[in-house]
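J.: The primary structure of each chain is shown beneath.
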Amino acid sequence: MSNGVRFFASQPVGNWNAAAITWSGSTANGLATYGDGTDIVAESTATYDGTTLQLTTSGGGLKMDGLNSSNANTLDDYEEGTFDVTATVASGTLTVDTNRDTLKYTKIGNRVFIMGQIEFTTASTPSGAWSLSGLPFTNTNTGTYSVNKRPNIATGISTPASDIDPGSPFGWIEANTTVITMAVGGIASTATLNANHIDTGTHVFITGQYVCDS
Amino acid sequence: MALSKTVTCDRMEVLEMGQIQVRVATVLTEDGVELSRAFHRHVLEPGDDTTGEDDRVAAVAAAAWTPDVIAHWDAIRTERQALMDASLAE
Numbered sequence: 001m002s003n004g005v006r007f008f009a010s011q012p013v014g015n016w017n018a019a020a021i022t023w024s025g026s027t028a029n030g031l032a033t034y035g036d037g038t039d040i041v042a043e044s045t046a047t048y049d050g051t052t053l054q055l056t057t058s059g060g061g062l063k064m065d066g067l068n069s070s071n072a073n074t075l076d077d078y079e080e081g082t083f084d085v086t087a088t089v090a091s092g093t094l095t096v097d098t099n100r101d102t103l104k105y106t107k108i109g110n111r112v113f114i115m116g117q118i119e120f121t122t123a124s125t126p127s128g129a130w131s132l133s134g135l136p137f138t139n140t141n142t143g144t145y146s147v148n149k150r151p152n153i154a155t156g157i158s159t160p161a162s163d164i165d166p167g168s169p170f171g172w173i174e175a176n177t178t179v180i181t182m183a184v185g186g187i188a189s190t191a192t193l194n195a196n197h198i199d200t201g202t203h204v205f206i207t208g209q210y211v212c213d214s
Numbered sequence: 001m002a003l004s005k006t007v008t009c010d011r012m013e014v015l016e017m018g019q020i021q022v023r024v025a026t027v028l029t030e031d032g033v034e035l036s037r038a039f040h041r042h043v044l045e046p047g048d049d050t051t052g053e054d055d056r057v058a059a060v061a062a063a064a065w066t067p068d069v070i071a072h073w074d075a076i077r078t079e080r081q082a083l084m085d086a087s088l089a090e
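Keeping their order, the protein sequence lines are chains A and B. Read in order, the letters of the first sequence are residues 1 to 214 in this note's numbering. Read in order, the letters of the second sequence are residues 1 to 90 in this note's numbering.
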């Protein structure tokens, strides 16, 4: 084993022998690190007392990179990163400013949290349905629509070309897609948010979460 | 002290319907020791243009996106659009 760890139970100081390995630890419940199968090369200040694993070194942490556990009680993934958004519109042109098109995500287990804002640098007679593409993970295709297959995404729109009235804008992610479809709700019939509300300089604030299958 | 920056596609996840989730890692190192690693992601759908993608991503797409996979995905896309249209008409 390379860079493996060994728990030092509750013996703060003393020799420990197994498989021809002899090494003396100095930290109560400390963890030792193997350089290879036979050499312990370091002792970290991280500890495990049989109940609590405690990581103490600044700059480190607990790394879980897509471990794909099927156990519902197991946290198997954590990731932070960025993604770029592009706009699609039924008619006309909507262009997202390339300096304002990057949003952030944090994935915890199968849940993806997204946040950020974009700004349109070009809005040339946009009209009809519009959407934002480029989510970092594909929305789940399992479960039910009433629970998780079509999550709402909170979207705020500042300095639109015209008042969005009646109703309030929101986005949703259709199952099995990486697209936020823009709509307007709070009215008798949920409808497409017409892109003619978007102008050059319009900002869209986005925050929300969804579930992915990977 | 030698600083180095590398940008690599360090992960690809091929989903059931053929989408490829691509993770690009930007890694900063000093004398070979990693200082930071930042991730940027995007997703490719069956039939998407892979121009400009990492060679390995293009290779995976070419292998995974058979005509049947692309046809199936097109059918899903059509079905999905119908669902969205129906929702907006409610």
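Derived from the structure by calculation, the hints contain no laboratory data. Idealized CB from N, CA, C, for every residue including glycine. Any given hint could turn out to be false.
Only pairs whose alpha carbons sit at most 30 Å apart, straight line, appear in this in silico DSS-like list of lysine-lysine [unchecked claim]: (1) A:K104 with A:K63; (2) A:K149 with A:K63; (3) A:K149 with B:K5; (4) A:K104 with B:K5; (5) A:K104 with A:K149.
Using C-beta positions, here's what the derived DEER-type ranges look like [stated by the list, open to error]: (6) A:S162 with B:G32: 24 to 32 Å; (7) A:S91 with B:L28: 38 to 46 Å; (8) A:G201 with B:G47: 40 to 48 Å; (9) A:G61 with B:A71: 43 to 51 Å; (10) A:S44 with B:R80: 26 to 34 Å; (11) B:R80 with A:A154: 36 to 44 Å; (12) B:S87 with A:T57: 48 to 56 Å; (13) B:G32 with A:K63: 15 to 23 Å; (14) B:D55 with A:T52: 24 to 32 Å; (15) B:S36 with A:G185: 36 to 44 Å.
Residues from chain A shown here face chain B by an in silico Cβ test under 8 Å; the list is partial [as the list claims (entries may be wrong)]: (16) D76; (17) T177; (18) T190; (19) N194; (20) N196; (21) T200.
J.: If a hint holds in the structure, say so; if it does not, say that too.
T.: For each hint, the structure was consulted:
Annotation: proposed proximity of K104 (chain A) to K63 (chain A) holds, straight-line Cα distance about 19 Å (limit 30 Å). About 28 Å separates the Cα atoms of K149 (chain A) and K63 (chain A), which keeps this hinted pair within 30 Å; it holds. With a CA separation close to 39 Å, the supplied pair K149 (chain A) and K5 (chain B) exceeds the 30 Å bound. A threshold of 30 Å between alpha carbons decides the hint, and for K104 (chain A) with K5 (chain B) the separation of about 21 Å falls inside it, so the pair holds.
A hinted pair counts as satisfied when its Cα atoms are at most 30 Å apart, and K104 (chain A) with K149 (chain A) qualifies at roughly 21 Å. The given range of 24 to 32 Å is broken by S162 (chain A) and G32 (chain B), whose C-beta atoms sit roughly 57 Å from each other. At roughly 44 Å, the beta carbons of S91 (chain A) and L28 (chain B) sit within the given window of 38 to 46 Å. Judged by the Cβ atoms, the range 40 to 48 Å given for G201 (chain A) and G47 (chain B) is violated: they are separated by roughly 34 Å.
Checked against the given bound of 43 to 51 Å, the beta carbons of G61 (chain A) and A71 (chain B), roughly 44 Å apart, stay inside it. Checked against the hint of 26 to 34 Å, the C-beta distance between S44 (chain A) and R80 (chain B) comes to roughly 49 Å, which is inconsistent with it. Checked against the hint of 36 to 44 Å, the pair R80 (chain B) and A154 (chain A) fails, with Cβ atoms roughly 22 Å apart. At roughly 50 Å, the beta-carbon separation of S87 (chain B) and T57 (chain A) lies within the given 48 to 56 Å, and the hint holds.
One distance hint, 15 to 23 Å for the beta-carbon pair G32 (chain B) and K63 (chain A), holds here, with the actual separation near 20 Å. The given range of 24 to 32 Å is broken by D55 (chain B) and T52 (chain A), whose C-beta atoms sit roughly 46 Å from each other. Between S36 (chain B) and G185 (chain A) the beta carbon distance is about 41 Å. The supplied range of 36 to 44 Å therefore holds. At its closest, the beta carbon of D76 (chain A) sits 14 Å from a beta carbon of chain B; the interface hint therefore is violated under the 8 Å criterion.
The interface hint given for T177 (chain A) is met, as the beta carbon of that residue sits about 7 Å from the closest beta carbon of chain B, less than 8 Å. Hint status for T190 (chain A): holds, given a least beta-carbon distance of 6 Å to chain B, under 8 Å. The beta carbon of N194 (chain A) is not positioned within 8 Å of any beta carbon in chain B (closest approach about 12 Å), and the interface hint is therefore violated. Hint status for N196 (chain A) relative to chain B: violated, with the closest Cβ pair at about 16 Å, above 8 Å.
Residue-level restraint check for T200 (chain A) is violated (minimum Cβ-Cβ distance to chain B is 25 Å; threshold 8 Å).
Consistency with the previously given hints fails for numbers 3, 6, 8, 10, 11, 14, 16, 19, 20, 21, ordered from lowest to highest.
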